[in-house]
Amino acid sequence: MAHDHAADTAHHDDHHGEPAKGIKRWLFATNHKDIGTMYLVFSLIMFFIGGAMAMIIRAELFKPGLQLVDPAFFNQMTTMHALVMIFGAVMPSFVGLANWMIPLQVGAPDMALPRMNNFSFWILPFAFTILLSTLFIPGGAPAGGWTMYPPLFLQGGNYVAMAIFAVHLMGASSIMGAINVIVTIMNMRAPGMNLLKMPLFCWSWLITAYLLIAVMPVLAGAVTMLLTDHYFGTSFFNAAGGGDPLMFEHVFWFFGHPEVYIMILPAFGIISEILPTFSRKPLFGATSMIYAIASIAFLSFIVWGHHMFVDGMPLAAQVFFMMSTMLIAVPTGVKVFNWSATMWRGSLSFEPPMLFALSFLFLFTIGGFSGVMLAIVPVDFQYNQTYFVVAHFHYVLVPGAVFAIMAAVYYWLPKWTGHMYSMGLAKTHFWLSTIFVNVLFFPQHFLGLAGMPRRIPDYAVQFSDWNMVSSIGGFGFGLSQILFVIVIVQCVRGGKKASAEVWDGATPTGLEWTLPSPAPYHSFSEAPEIR
Amino acid sequence: MRVIRASDIDHRISRPRGFSGAIALCIAALAAVGLIDTAGANTSNGYNLPMGVTDLSQNMYALHMEVFWICVGIAVVVFGVMIYSMVTFRHSKGAIPDTTMVHSTKVEIIWTIIPVIILVVMAVPAADLILKQEDTRNSELSIRVTGFQWKWQYQYMDAGEGVDFFSTLKQDSNFARQLGSGVDPKTVPNYLLDVDKPLVIPSGTKVRLLLTSMDVIHAWWVPDFGAKRSAIPGYVNELWFKVESGKEGIYRGQCAALCGRDHGFMPVVVDVRTPDDFKKWVEEQKAASKQAAAPADVPPPSAQVLN
Numbered sequence: 001m002a003h004d005h006a007a008d009t010a011h012h013d014d015h016h017g018e019p020a021k022g023i024k025r026w027l028f029a030t031n032h033k034d035i036g037t038m039y040l041v042f043s044l045i046m047f048f049i050g051g052a053m054a055m056i057i058r059a060e061l062f063k064p065g066l067q068l069v070d071p072a073f074f075n076q077m078t079t080m081h082a083l084v085m086i087f088g089a090v091m092p093s094f095v096g097l098a099n100w101m102i103p104l105q106v107g108a109p110d111m112a113l114p115r116m117n118n119f120s121f122w123i124l125p126f127a128f129t130i131l132l133s134t135l136f137i138p139g140g141a142p143a144g145g146w147t148m149y150p151p152l153f154l155q156g157g158n159y160v161a162m163a164i165f166a167v168h169l170m171g172a173s174s175i176m177g178a179i180n181v182i183v184t185i186m187n188m189r190a191p192g193m194n195l196l197k198m199p200l201f202c203w204s205w206l207i208t209a210y211l212l213i214a215v216m217p218v219l220a221g222a223v224t225m226l227l228t229d230h231y232f233g234t235s236f237f238n239a240a241g242g243g244d245p246l247m248f249e250h251v252f253w254f255f256g257h258p259e260v261y262i263m264i265l266p267a268f269g270i271i272s273e274i275l276p277t278f279s280r281k282p283l284f285g286a287t288s289m290i291y292a293i294a295s296i297a298f299l300s301f302i303v304w305g306h307h308m309f310v311d312g313m314p315l316a317a318q319v320f321f322m323m324s325t326m327l328i329a330v331p332t333g334v335k336v337f338n339w340s341a342t343m344w345r346g347s348l349s350f351e352p353p354m355l356f357a358l359s360f361l362f363l364f365t366i367g368g369f370s371g372v373m374l375a376i377v378p379v380d381f382q383y384n385q386t387y388f389v390v391a392h393f394h395y396v397l398v399p400g401a402v403f404a405i406m407a408a409v410y411y412w413l414p415k416w417t418g419h420m421y422s423m424g425l426a427k428t429h430f431w432l433s434t435i436f437v438n439v440l441f442f443p444q445h446f447l448g449l450a451g452m453p454r455r456i457p458d459y460a461v462q463f464s465d466w467n468m469v470s471s472i473g474g475f476g477f478g479l480s481q482i483l484f485v486i487v488i489v490q491c492v493r494g495g496k497k498a499s500a501e502v503w504d505g506a507t508p509t510g511l512e513w514t515l516p517s518p519a520p521y522h523s524f525s526e527a528p529e530i531r
Numbered sequence: 532m533r534v535i536r537a538s539d540i541d542h543r544i545s546r547p548r549g550f551s552g553a554i555a556l557c558i559a560a561l562a563a564v565g566l567i568d569t570a571g572a573n574t575s576n577g578y579n580l581p582m583g584v585t586d587l588s589q590n591m592y593a594l595h596m597e598v599f600w601i602c603v604g605i606a607v608v609v610f611g612v613m614i615y616s617m618v619t620f621r622h623s624k625g626a627i628p629d630t631t632m633v634h635s636t637k638v639e640i641i642w643t644i645i646p647v648i649i650l651v652v653m654a655v656p657a658a659d660l661i662l663k664q665e666d667t668r669n670s671e672l673s674i675r676v677t678g679f680q681w682k683w684q685y686q687y688m689d690a691g692e693g694v695d696f697f698s699t700l701k702q703d704s705n706f707a708r709q710l711g712s713g714v715d716p717k718t719v720p721n722y723l724l725d726v727d728k729p730l731v732i733p734s735g736t737k738v739r740l741l742l743t744s745m746d747v748i749h750a751w752w753v754p755d756f757g758a759k760r761s762a763i764p765g766y767v768n769e770l771w772f773k774v775e776s777g778k779e780g781i782y783r784g785q786c787a788a789l790c791g792r793d794h795g796f797m798p799v800v801v802d803v804r805t806p807d808d809f810k811k812w813v814e815e816q817k818a819a820s821k822q823a824a825a826p827a828d829v830p831p832p833s834a835q836v837l838n
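Protein chains in written order, with our numbering: chain R, 1 to 531; chain B, 532 to 838.
Keep in mind the hints are simulated off the structure, nothing from the lab. Careful, some of the hints might be misleading.
Going by beta-carbon spacing under 8 Å, a handful of chain B positions derived as facing chain R [claimed, not checked]: (1) 589; (2) 598; (3) 612; (4) 620; (5) 628; (6) 639; (7) 642; (8) 646; (9) 650; (10) 660; (11) 667; (12) 686; (13) 788; (14) 789; (15) 794; (16) 795.
Beta carbons are placed, not taken as given, at the ideal position from N, Cα and C, and that holds for glycine.
Sequences and hints are given; from them, build the entire structure.
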C-alpha cells in the first residue's frame, strides 16, 4: 500500500513538471500534445515528400513523349507517391489529431497508454527512412504500384524486403495508435460523458480504430506471403508453383477497402465538428451520423471485390459486390444530407476552417458520385484502370481527407498555439487550393473516359490538352501548400492572443474550448463536470 | 497485304459524343480563361466514353449516361440546398440560427429511402447488362490472347486455327518514345497506339477472347468494343464482343494493368474486316506460315549448337 502510494506520488510529480528541455522532450515524449505535434509535423513533411513525387509525375505528363524520367523511375514515383501519401501523410496526421484532441474532447489528462504512444510514433521515422532509402539502392524503389500485386512486385530486387519491412512497421504503429484511441475513449471519458454525448470526432476515430485493428494484420499477412514467395521459395501467389495471384488481390483489398474508410471516417468527424460551429447551430441528426459511420465501417468489409471486377469474378460475386458497394451511398448520403441540414436555417460565417469544410462538402460529394458510377459493374469495365479512377480517389482523398485535415488544423491551431493565425493568408491558401485542386483533378475524369489508362509515363497525343491542364493545376496546388506552412509557422511564433473559446461569436462546443489557449501542457488533471 | 484506306485511320480511342450540360459548362469556363484551345478541336479533345461499335459498348455508354444524369440531378438538388444556405443564412446578413432544428425522424427516413430507390433504379439495368456481358456462349471465333512483358500474342482457334503471332509497339512510336529521342510525338502517326501486326477479326461475328499471361498481370482493352479484362498468369479469363457489320476499320486500345517498365507501350490494335476479307487474310497467313516453315529442314539454331 505504502509502496503504491509512493509510486503514485512519483507519477504525480512527473506529470506536473515542465516539459523536458531539448531533444529529450521529443525522444522520450509521453505527453499526448507533444506526440500529437510530432505526428502532425511528420505527416506535413511526408505530405511535401509525396507531393514532390507528384510534381515529378505531373511534369513528365505535361507533354506527350518522355522528357524527364525513365519509365521505370516513373513507376517508382507513382508507387512511392501513393505509399508516402497514404501511410506517411494522411494516416499519421489523423493519428496526430487524435492524440491532440481526443484527451481534450473527452476530458482526459492524457492518452491511456503514453509509452506505447511514444513507441507508435517513433517507429514511423524509421519505417519511412527504410522505405524512402529504396530510392537510392540498386534496382530502385518499389515500382509495381502501391497495391504491390504479384507477380510484378516480386520481380523487384532488394526493395521487396525493405518495402515489406517498412509496411510491417507502419502497420504495427497504426495498430498501437488504434489501441491507444480505443482504450482512451473507453476508459478515460469524464464522468457523465456517455458515449452518445461524445463529440463526433471521437466517435469517428473510435470506429476507425476498430477498422485499423481489424485490417492492418490482414495487410501484414499479405505482404508476409509476398516475402516468403520471394525469398523462401513458397508459392502462395506463384501460378507456376500452384499458387494464385488473384488471392493476393482478394487479401489485399480486404485490407484495402476498409483502409479507404480509415482515411475518410475521421474526416467525417472533423467536418461534423466544424460545420455546427460556424453555422451556430447543433449538428443535425447527431445520432444518425454515428449510425451512418458505423454502417459505412461495417459495409467496408464486404465490398472489396469492386476493385477486381475486370480481373474475372463469378457472376453472382459481381452482382453482390455491386449491390453492397452501392449500399454505401446510403449512409454516406445521410451524412451529406445531415450536414446540409445543419447549415439550413443556420447563421453561417466563413472562417478558414469553415471554408475548407464547405469545400470538402462539395468536392467529396463529387468523389462520391464518381464512386457510385464506378460501382456499376458493366461500366466499371470501361472506367477501371483509367484516369477516371485516379480522378475519383483523388477527389475523395485530396479535397476529401486532406482538406478535412487542413480544416482541422485551421480550427484547432489557435487552441494549440495560443495565437490566432493570419486569416488573410489562410483564406488565400484556401482559394488557391480549391481552385487548383479542381484544375488538377477534374480534367482527369475526361482523360479516363476518353481512354487514358492510369500509371503510364507517356500517352497518345489526343490526351495532350487535358494532361497539360491537369499538370498546371498540379503545380499550382503544390506551390499553394507553401502558404500552409507559412501560416502555421507564423502562428506558432506569435500573433494575436487567442481566447479560450477561440471562435468568439461562433458556437464551438466541446470540452477543449473550456481550456485556456494554448491548452496547458497538462490538462484535465481533475475530471471536468459534464451536465 | 491490304491497303489501309484513309478512312480506316479515323480510329477512335474515344470520340466526343453526348454533351452534358455540366461538362460543357466546365469546358467553356476553361476555354474562357484560355486554358484550352477549343478552336483547334480534334478527336483528341475527348471527354466522354466512346459510344463504340458493339452492342455491349453502346449499352455501357447508355448506362453510363443514365447514371451520370442521375448523379447530375442529385448534385443539382444537394448543391442547390447548400448554395442556397450559404447565400441566405449568412451571419454577416444577421441570420438568426434556428437552434431547435436538431433532428427529424421523418425527414431522415425519407432521405434514406429515396437513395435506396434511386440505387435500385440504377442496379437493375446494370445487373441485366452483367448477364449479357458474361454470356460467352455460341461464340463463332475464339482467340487465345497471351500477355507478355510487353507485347501480346494472338493464337487463333476455330476458323483461324493455326494463325499465331505477336503484336508489339510499332517501330516509329518505339523510337520516338525513348527518353530524349528528339522526335515530336505529334509527328508520329497514331503515336503509342500502333503495332507491327494488329489482331484481325471479322465483323458481324461473335468473337471470344481467352486471356492469360506468361509473366505478370496485364489487361486487354479496346474502349470502342467495351472490352476490358485482365490477363492473369494461371488463369484464363473470357471476354466477348461482336462488331456490327459496316463498322469495319481499325480500333485501338492499350494494356490497362500496370505490368512493369513498358506498361505504357503495349498497345492493342484490332483490324475489323468483313467476313470475306477475314477469310482471305486467314488464307494469306496460312500460306505465309507454310512458306516460312518450308526451309525448316535446316535444324533450328538450338539444335545446331547441340550438334
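Cross-check of the supplied hints:
The interface hint given for residue 589 (chain B) is broken, as the beta carbon of that residue sits about 11 Å from the closest beta carbon of chain R, more than 8 Å. Given the 8 Å rule on beta carbons, the hint for residue 598 (chain B) holds: about 5 Å separates it from the nearest Cβ of chain R. Against a cut-off of 8 Å between C-beta atoms, the interface hint on residue 612 (chain B) holds, since the closest Cβ of chain R lies about 5 Å away. The closest approach between the C-beta of residue 620 (chain B) and any C-beta of chain R is roughly 5 Å, which is under the 8 Å cut-off, so the hint is satisfied.
Interface hint at residue 628 (chain B): satisfied, since its Cβ lies 4 Å from the closest Cβ of chain R, which is below the 8 Å cut-off. Here the hint on residue 639 (chain B) is kept, as its CB sits about 5 Å from the closest CB of chain R, short of 8 Å. Interface restraint check for residue 642 (chain B): the shortest CB-CB distance to chain R comes to about 5 Å, inside 8 Å, so the restraint holds. Because the smallest distance between the Cβ of residue 646 (chain B) and any Cβ of chain R comes to about 5 Å, under 8 Å, the interface hint for this residue holds.
Taking 8 Å as the C-beta contact cut-off toward chain R, the hint placing residue 650 (chain B) at the interface holds, the least distance being around 5 Å. For the restraint placing residue 660 (chain B) at the interface with chain R, the shortest Cβ-Cβ distance is roughly 4 Å, inside the 8 Å limit, so the hint holds. Hint status for residue 667 (chain B) relative to chain R: violated, with the closest Cβ pair at about 11 Å, above 8 Å. Given hint, residue 686 (chain B) at the interface with chain R, is violated; its Cβ is 19 Å from that chain's nearest Cβ, farther than 8 Å.
Because the beta carbon of residue 788 (chain B) sits about 6 Å from the nearest beta carbon in chain R, less than 8 Å, this interface hint is met. Taking 8 Å as the C-beta cut-off, the interface hint given for residue 789 (chain B) holds, the closest approach to chain R being about 4 Å. Using the Cβ-Cβ criterion of 8 Å, the hint placing residue 794 (chain B) at the interface with chain R is satisfied: the shortest such distance is roughly 6 Å. Residue-level restraint check for residue 795 (chain B) holds (minimum Cβ-Cβ distance to chain R is 3 Å; threshold 8 Å).
Consistency note: the structure conflicts with the earlier hints numbered 1, 11, 12.
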